[in-house]
Amino acid sequence: MTALTAKVTEPAPPPPPGADAPKRRGVELTLLAGAVLISVLGHLYVGLATTGHLPGPAARYATGLCAAALLAHLAVRLRAPYADPLLLPIAVLLNGLGLVLIQRLDVTTPGHLTAGDQLLWSALGVALFVLVVALLRDHRVLQRYAYLSVAVALVLMLIPVFFPAVNGAHIWIRFAGLSFQPGEFAKILLAVFFAAYLAANRTALALTGRRLFWKLRLLPGRVLGPILAIWLLSVGVLVLERDLGTSLLFFGLFVIMLFTATGRIGWIAIGLLLAALGAYAVGTFEPHVHSRVDDWLNPFASIERGEGPGQLAQSLFAFGAGGLLGAGLGHGQSFLIGFAAKSDFILATAGEELGLVGLAAILLLYGLLVARGFRAGLALRDPFGRLLATGLASIVALQVFVIAGGVTGLIPLTGMAMPFLAQGGSSVVTNWIIVALLVRLSDSARRPRPAKEPAE
Amino acid sequence: MIRYIRWCAYFCALLLIALLVNIARVQVWESAAYGANPANKRPAIERYAEPRGDILVDGRPVTGSRDSGQLLRYERTYANGPLYAPVTGFSSQTYGTSFVERAEDAILSGTDPGLSAFPLWYELARGRPAGGNAATTVRAGMQRAAYAGLAGKRGAVAAVEPATGKILALVSSPSYDPSVLSGTGTKVKEAWTALNADPARPMLNRALRETYPPGSTFKIVTAAAALDAGVVSDVDAPTRTPDPYPLPGTSTLLPNAGTGCEDASMADAVQWSCNTVMAKIGVQVGLRGMVEAARRFGFNGEGLRVPAWVSRSNFDTDMSQDQLALSSIGQFNTKATPLQMAMVAAAVANGGELKYPYLVDRTTQDDGSQVRRGGERSLGRAMNPATAVRLQDLMVKVVENGTGRNAAIPGAVVGGKTGTAQHGVGNAGTPYAWFISWAKAEGAALPQVAVAVVVEDASADRGDISGNGAAAPIARAVMEAALATG
Numbered sequence: 000m001t002a003l004t005a006k007v008t009e010p011a012p013p014p015p016p017g018a019d020a021p022k023r024r025g026v027e028l029t030l031l032a033g034a035v036l037i038s039v040l041g042h043l044y045v046g047l048a049t050t051g052h053l054p055g056p057a058a059r060y061a062t063g064l065c066a067a068a069l070l071a072h073l074a075v076r077l078r079a080p081y082a083d084p085l086l087l088p089i090a091v092l093l094n095g096l097g098l099v100l101i102q103r104l105d106v107t108t109p110g111h112l113t114a115g116d117q118l119l120w121s122a123l124g125v126a127l128f129v130l131v132v133a134l135l136r137d138h139r140v141l142q143r144y145a146y147l148s149v150a151v152a153l154v155l156m157l158i159p160v161f162f163p164a165v166n167g168a169h170i171w172i173r174f175a176g177l178s179f180q181p182g183e184f185a186k187i188l189l190a191v192f193f194a195a196y197l198a199a200n201r202t203a204l205a206l207t208g209r210r211l212f213w214k215l216r217l218l219p220g221r222v223l224g225p226i227l228a229i230w231l232l233s234v235g236v237l238v239l240e241r242d243l244g245t246s247l248l249f250f251g252l253f254v255i256m257l258f259t260a261t262g263r264i265g266w267i268a269i270g271l272l273l274a275a276l277g278a279y280a281v282g283t284f285e286p287h288v289h290s291r292v293d294d295w296l297n298p299f300a301s302i303e304r305g306e307g308p309g310q311l312a313q314s315l316f317a318f319g320a321g322g323l324l325g326a327g328l329g330h331g332q333s334f335l336i337g338f339a340a341k342s343d344f345i346l347a348t349a350g351e352e353l354g355l356v357g358l359a360a361i362l363l364l365y366g367l368l369v370a371r372g373f374r375a376g377l378a379l380r381d382p383f384g385r386l387l388a389t390g391l392a393s394i395v396a397l398q399v400f401v402i403a404g405g406v407t408g409l410i411p412l413t414g415m416a417m418p419f420l421a422q423g424g425s426s427v428v429t430n431w432i433i434v435a436l437l438v439r440l441s442d443s444a445r446r447p448r449p450a451k452e453p454a455e
Numbered sequence: 000m001i002r003y004i005r006w007c008a009y010f011c012a013l014l015l016i017a018l019l020v021n022i023a024r025v026q027v028w029e030s031a032a033y034g035a036n037p038a039n040k041r042p043a044i045e046r047y048a049e050p051r052g053d054i055l056v057d058g059r060p061v062t063g064s065r066d067s068g069q070l071l072r073y074e075r076t077y078a079n080g081p082l083y084a085p086v087t088g089f090s091s092q093t094y095g096t097s098f099v100e101r102a103e104d105a106i107l108s109g110t111d112p113g114l115s116a117f118p119l120w121y122e123l124a125r126g127r128p129a130g131g132n133a134a135t136t137v138r139a140g141m142q143r144a145a146y147a148g149l150a151g152k153r154g155a156v157a158a159v160e161p162a163t164g165k166i167l168a169l170v171s172s173p174s175y176d177p178s179v180l181s182g183t184g185t186k187v188k189e190a191w192t193a194l195n196a197d198p199a200r201p202m203l204n205r206a207l208r209e210t211y212p213p214g215s216t217f218k219i220v221t222a223a224a225a226l227d228a229g230v231v232s233d234v235d236a237p238t239r240t241p242d243p244y245p246l247p248g249t250s251t252l253l254p255n256a257g258t259g260c261e262d263a264s265m266a267d268a269v270q271w272s273c274n275t276v277m278a279k280i281g282v283q284v285g286l287r288g289m290v291e292a293a294r295r296f297g298f299n300g301e302g303l304r305v306p307a308w309v310s311r312s313n314f315d316t317d318m319s320q321d322q323l324a325l326s327s328i329g330q331f332n333t334k335a336t337p338l339q340m341a342m343v344a345a346a347v348a349n350g351g352e353l354k355y356p357y358l359v360d361r362t363t364q365d366d367g368s369q370v371r372r373g374g375e376r377s378l379g380r381a382m383n384p385a386t387a388v389r390l391q392d393l394m395v396k397v398v399e400n401g402t403g404r405n406a407a408i409p410g411a412v413v414g415g416k417t418g419t420a421q422h423g424v425g426n427a428g429t430p431y432a433w434f435i436s437w438a439k440a441e442g443a444a445l446p447q448v449a450v451a452v453v454v455e456d457a458s459a460d461r462g463d464i465s466g467n468g469a470a471a472p473i474a475r476a477v478m479e480a481a482l483a484t485g
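Protein chains in written order, with numbering that gives the first Met the number 0: chain A, 0 to 455; chain B, 0 to 485.
Please keep in mind that the hints were generated in silico from the structure rather than gathered at the bench.
Glycine included, every Cβ here is placed at the ideal spot set by N, Cα and C.
Relax, there's no trap hidden among the hints.
Pair by pair, the computed Cβ-Cβ distance ranges are:
1) A:H111 x B:V20: 30 to 36 angstroms
2) A:L69 x B:G63: 52 to 58 angstroms
3) B:S67 x A:L276: 49 to 55 angstroms
4) B:D66 x A:L276: 52 to 58 angstroms
5) B:G95 x A:E303: 19 to 25 angstroms
6) B:T185 x A:L296: 33 to 39 angstroms
7) B:R361 x A:V106: 35 to 41 angstroms
8) A:L47 x B:G63: 27 to 33 angstroms
Short derived list, chain A residues pointing at chain B, Cβ under 10 angstroms:
9) I255
10) A260
11) I264
12) P308
13) A317
14) G319
15) G322
16) A370
17) G372
18) P382
19) S393
20) L397
21) F400
According to the in silico footprint, chain A covers these stretches of chain B (three or more CB under 8 angstroms from chain A):
22) 1-14
23) 24-34
Isolated chain B, as found in the complex (with noise of 0.2 angstroms):
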């Protein structure tokens, strides 16, 4: 019977084995996919078991942190949700994340390696650091003034500071709070659907993910690259351009929106907004030329992160000499977000030295320690410096004594460019109205801000959509801000 009971105990010892095995086999081997199931709930709970960390404009928290009380338990709470929504994204158990909330999600909900010194202590007493914040470069005051300046209506403003590339403001209308889709259950769903269904397109951040046609605005950088290029040496100099101009190549007569624009300076171009002149400029530098300094400003480059991605501003590569003369006055299919022309602005007043924009200053932990600060970077430069300082003056006549006389501040030199975008199927679409622009106080090395203002649906007569009547008293009301705030 020995000999069997010997049996038995090994039979025994070999489930033993088999077990330990298995275990081995589902605690090591199967461990990474069972945690990568979208049905085990386990990444989820951790992730919302702490207080998520904080957003700040202007050193105060614009988010903030509720206990639920359920599985996943803090939810994202916004204080002035709309306001920010460009700015924070959303924070949703069901949805995920976007914009800072998505750059910054490894400081915010603390998982960055940062946010500890000893990450290896972490790790040992199976514990997490505090969620760490992230301090934006937006001041809350030109926020304020950007979003009130759109008053609902659809447009965008971007404001970023020209010589270190910081956002100071973005504002996409309409607008919606981001706290309604930050929890789970069917009222997230259904705010969730209704935002998408909405013809508005509130979550749309049209600062950074909407292209428009730019219109004039975009003759800053034709301007830019004729003096660049030396098709133009002396900007008063008369330019023999007939009013209208007939597109190269075409029988398709250009007309001005004004008068007075027949043989015009490139200056008086400018000021009036003469669709000829700049056209026939663009053509006369070329289509090389055109697409370098389109690139030298950020047109058709990788695209942007500040850190959120920002949609790729365009300027064809290759087109005939008619279509280079209509993209050369920002039409055709040229096509630029918000950021883009504020940055076009921004180089002109922070004398050709174009900024990489950022939106998060610094990231911090729990405690306000530093983890990493948001580097100034250069894009390089946009144009010469000479050609800076004349573009800068032909700007501030623009404001002074031009078609942006709405955006002028006493007290500041400011300069501007309006712009009026035709678009839709035969142009029948209501025209964007822009307004870009940057502004110096009196007796300030150099600009303090850069703005650019896009309204797409101003509900004033046709007639009287303009850069001037819609987004020009937008912008000086960012442009005050920034002035008043410093």
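So that you can see chain A by itself, here it is in the shape it has in the complex (with noise of 0.2 angstroms):
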């Protein structure tokens, strides 16, 4: 087999003076203070709106965000100086939503307010952030850690097992308190560990195998076999802790960058073909999944049976209460969804309040980062770089998608949370993570070649 350990070579040495490569540093500042200022609005705007006076910790709420943006961006600006200056405000923006929209929601459940603990969760997640940017210098040293990383990843996967199920599936550890989803960790270890696998392996991936008909040819077992059974393990996993949504995921960030490495367009297809039936298998016999396949076929069944609305009903609802401008931020009733309502549901109360125009100005920041992603990955240089950027764009990409197309009834419901925007620990923490090794690759494949190129 081959090595995984690619020689990681010195960073690059720094451009000389006056050279050409634009850093963009004061773009990303000002675009950040752009962030900001609408994040501590939007939270202004909320306390007036629910309770008609300026919310008390307003002033620390505002210097607690410039000071994490700051930060933030120090970091960048020190450590990854060519980093797209698109990615850290767009995070910071979404966060910054995200906070305002719990915090909008948190109004209409005194008994269970959640806006503080995320805030400290996203505090944590700057923090990780800031970690990542300072300490990793190269994207590639990564490459060194794939085996490793499967390994935590499926420990990660395995923990929740033995722990006892909350609200049906078996995803999250509770200690303490606090509860946590290492489901969401795993899949930035997994996506590292499937670009280093298969920009290692590609080549036999792309060439080697006996040919079947056509173009189809038979990917060579001893390749595909480890990568198969990691993968086949994972979604297995999933499957029994009933994290449907995740183990989705997985399928489709195996698919795509098995598809990005050896572009075998057949493999694919037959892969989605399979998936499509195993999805109708599970959807057949799997209680859980069967009604919320029911519920996105007719979702106001359960009205005509006068059980009332359901909560992909009540989610439609708020989205169409919102119409085109929206009612609103805090003048909207999307608390009728019930207990998901800040989580999974998240993007209703924001189409009920911000309408389809703030919807769709959400969606496309979201489009903008995974955008940004890919630009990172096509402009790279190394296969695992491009392989790893392209997996973690993906990632975003398909949690928005299987989320938002979940909740507005586009496709059936999957339990996922929408990055950045939905409260959840875990969740913000892992997608800061994933737009700091965005950065770096970003930075890598902005930076200014030096005068030897490196053989790939």
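Assembling the complex is the task here: the two chains are given apart, and the hints tell you how they should meet.
This is how it looks when you write it as structure tokens:
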């Protein structure tokens, strides 16, 4: 087999003074100021609209947000000066908007305040962002830890099996009053592993193997075997834990990264076919999933049965109530959705109170984040970096699609967290790490090439 | 690999486009359908998020709002609910609204565009103006007098101002307290079920929505028709009417309640309520003439809106001569609401001109500035002015020296007409006691008030039941209240 420990070259030497590559750190700072301003104004507006006066801790909130943004910016400025200037501001804006929405929903659930926790988790997320940007000088280091990554990922995913189920899914670890979703971290580790493995073996995967017919070639089992096994194992564990959203994500991630590495579209088609069969089987035999598919096909069936609107129906009502311009922050009734309003259904609040315009803006922000990720992948010169950037961008894209499509009735609903927006500590922290890695990757991608090109 | 990364990016872009198209579908296309779904609580939450405007009587609110702390926040309260229920109706979070609560809902709930000088401002600010108020034409003193007069007996009172059509009192008895229906939950549902199951039908607005045979009070319409048509030119001239009167084309004999009706003049016939004379006069006027006269008084109309809708009062348009004879004395299929009979009295009192009755004087914004004024409208001329003057004299005689003496008020000119309406199979039911009247303070140019009272089940001996015994004292009390307050 091939070595995963590709030789890590030293960081490229700093460009000579007056080099042409623009760093765009000023742009980033300006955008960050805008993102912080929007979040603080949103925070103030929610206070005014729901209680009639400005929220008490507004000054602290604003200071905290400014400090976090500045700190993150400094880390990027010092350690990743060539990084894409859009990544950090988008993350700050999305996280800020999420906090505004959670704070707004807290008003309707006085017994269950979560904005404070979310703020702490966000702070931790920013701290980890700073740490990753500061300590990880070259993303290729990660290639060395591919097998460690996958081992840790599997352990993380297995742990919750030993903890009691919450809402029918074994995906949380609870201790000391905190709940934690280790599967969230596993997705980064798995992306790192896939990227490293596929980068090391992609020639074998792309070119060898027995020809079946036309262009379809049997992928060499020797190479494909281990990664397929790990992927099946992780998806299997998730299915056992009934974390269908994440298993869907892992499946999509695997297919996308395999395709990027090999360009074998036939295999992707077969994979999708198998997935469709699997999904059909799960959807038919697993009552939990079955009911969600039913809900998706006919969201108002429960109303016709006289049981009142279900979660999805309430979510659709919320989106419908928002219309084009929305009811205005604090003026919606998305709390009718019930217990998942702050987590899985946070987009419904955005849709109801900010309208189609606001929701589209949020989705476009995600689109921009993903696009910037892909762009880093395109500009990178090492296959591991390219694959990792593609994988991380795809993780964000798939998550957004699965949850946004679910709550708006486009696809069956699968529980998953909207990156940055939804309430949930592990999700926020994980997404900050993803953005940190993308910052690191984009820095490498945009860094002026040293005079002597290192061999790929 | 670059090519495949691009493809992945395009794939993600496709997902994003799918999401955007779908949210546009949900938020623009389906938005109205979702909003109209009965399971969607948003319209109700918004509707009850602010206190409802008030309904005013004599400038003072007879309604209120209570913060229930529930999802549907403000509930309706009623001061003196049973007294004003026929006016206000109910405003229930479970069962909707009725009467003025319904007719002026847009004002009271704050959705009327007239409540804001700049409707666009609220559109932009995502707010809503505070609910406005609806000032009624009802006078508290008269309303109380009518309600106390009925004293829980089944019946109704309608009083109008003849010159304007303002409804001064509107009472139905037995009544109910609309506040028991205000909120949500099992208590409200139980109250609703109980009210609907009650054989006394307390939620029925007898003044506007129940039609009764008007009995002898209808003789005013017949007399007006006869005078207008010239069938009777001298009210004091004796008519050649046998007692009892054989109904034309049949062998049935129509009797009188009292004596002295043989060949009586129309004046005496009104004064002593002679069935025979008035039935014969009705036949002489003829079907077309009688139908036309009844129509001019408001019978067979499209249905009034005061602004709550009023049941249609009926005078058959296709009858044989004997049926016409009975209809002319307010029997057979002739049916009238108490408000309709108050309008008959008011037309006489107002010199023959009939005003459109109305209940809401003006609607105002929260701060009292006017939104709309309930306008006076004419319903047309019910009779010639000369006819009205002669009928006024006849009605005054009824009270001064006829069947309606219980309505007399010292120091005032009062005209009235009693009625006792047979009903039920074979006339087996307890007769309805009617009294319609108007009153004018001494020296006033025009009568201030016209009243109709109907009592369904006066718990007196059947023989004693008459307009004069059961209904006239109530009418008098209402008229006294009207004259007292001006």
